[in-house]
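Heads up: the sequence lines are chains E and P, in that order.
Note that the first sequence covers residues 1 to 200 in my numbering.
Note that the second sequence covers residues 1 to 74 in my numbering.
One or more of the hints may lead you astray.
Covered stretches of chain E (chain P as the covering partner; in silico rule of three or more C-beta atoms under 8 Å from a C-beta of chain P) [as the list claims (entries may be wrong)]:
#: 1; region: 5–16
#: 2; region: 50–61
#: 3; region: 107–118
#: 4; region: 126–136
These are calculated hints, taken from the structure and not from any lab test.
For every residue, glycine included, the Cβ atom is placed at its ideal position computed from N, Cα and C.
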Amino acid sequence: MRIASAPDGSIQIDGKVVTALDRFVASVTGIIEQYTRYVIISGYVAILFGRARGTEDIDLYIDYMDRDTFMSFSKDLLEQGFYFLNSDDTSEIYSMLCDRLAVRIAKAGRIIPNIEMKFKKDDFDRYAMSRAKRVQFDDIRFFISPIELQIPYKLYLGSDKDIEDAVYLWMLFRETLDGDLLRSFMERLQVRGEQYGIEV
Amino acid sequence: MELRFNREKNRQERLAFVRRHALWVREVPNEVWSREQADLIDAFFENAENFALSRSEYLRMHRARRRHPETVHG
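Turn these sequences into a full structure, and let the hints steer you where they fit.
See the structure below:
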């Protein structure tokens, strides 16, 4: 894998073949960006860097939006051929977000894949958002959570799939990660990686 | 009836594959790993059009997963 890091910290993956999943995610994040900031977390981060698996949902956090902004965003989303799986009532969708629940966005007529979207809620989400890494390939640009947070987070979630994602990211980036930062997130989330070869 | 499935052995084999695959991705040009990955993901994406669950069934499945969390994250 050839990854170029720009001075501003963004990551360029030249030559990556764009998947239908990448196009779907980009079409939604392109709309979100017009209204608020977002950061992609969890499985799709590993998939972006080559993990050989599919996914039915892509997790992301967004900054808080007031009701009027959210209604404009929803209108735009619906006009561009997407819908909320949870409800056709956008007021109800907004209430769910304010209650710290996730809402799901899919292309009209489809169930999966879908974007699972939440308002950011805790210090980890705030860190991921404030230190989001820009990833670019072809004509696509995404903001993703720092890898130093993603590996401990995946270990914390703890399913077989999550641990495989953590191991994959570690194998790919181990020489370039900030060890102190990774260690601090592992301590804060009270996870250990030695048994999986993740040694910091 | 005896089930001869060794969960831990299976988990270790999967992790070994993930490590080998990551090393391969590191070694080859982006065009190579991403072409293989795109074939897999695009097939999955296309097949998702035939998803068997309705909208309400799908949401019910996720609510049930949250009550018995293996994981709900992608």
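Verification of the hints:
no., hint, result
1, 5–16, "holds (count 4)"
2, 50–61, "holds (count 10)"
3, 107–118, "holds (count 5)"
4, 126–136, "violated (count 0)"
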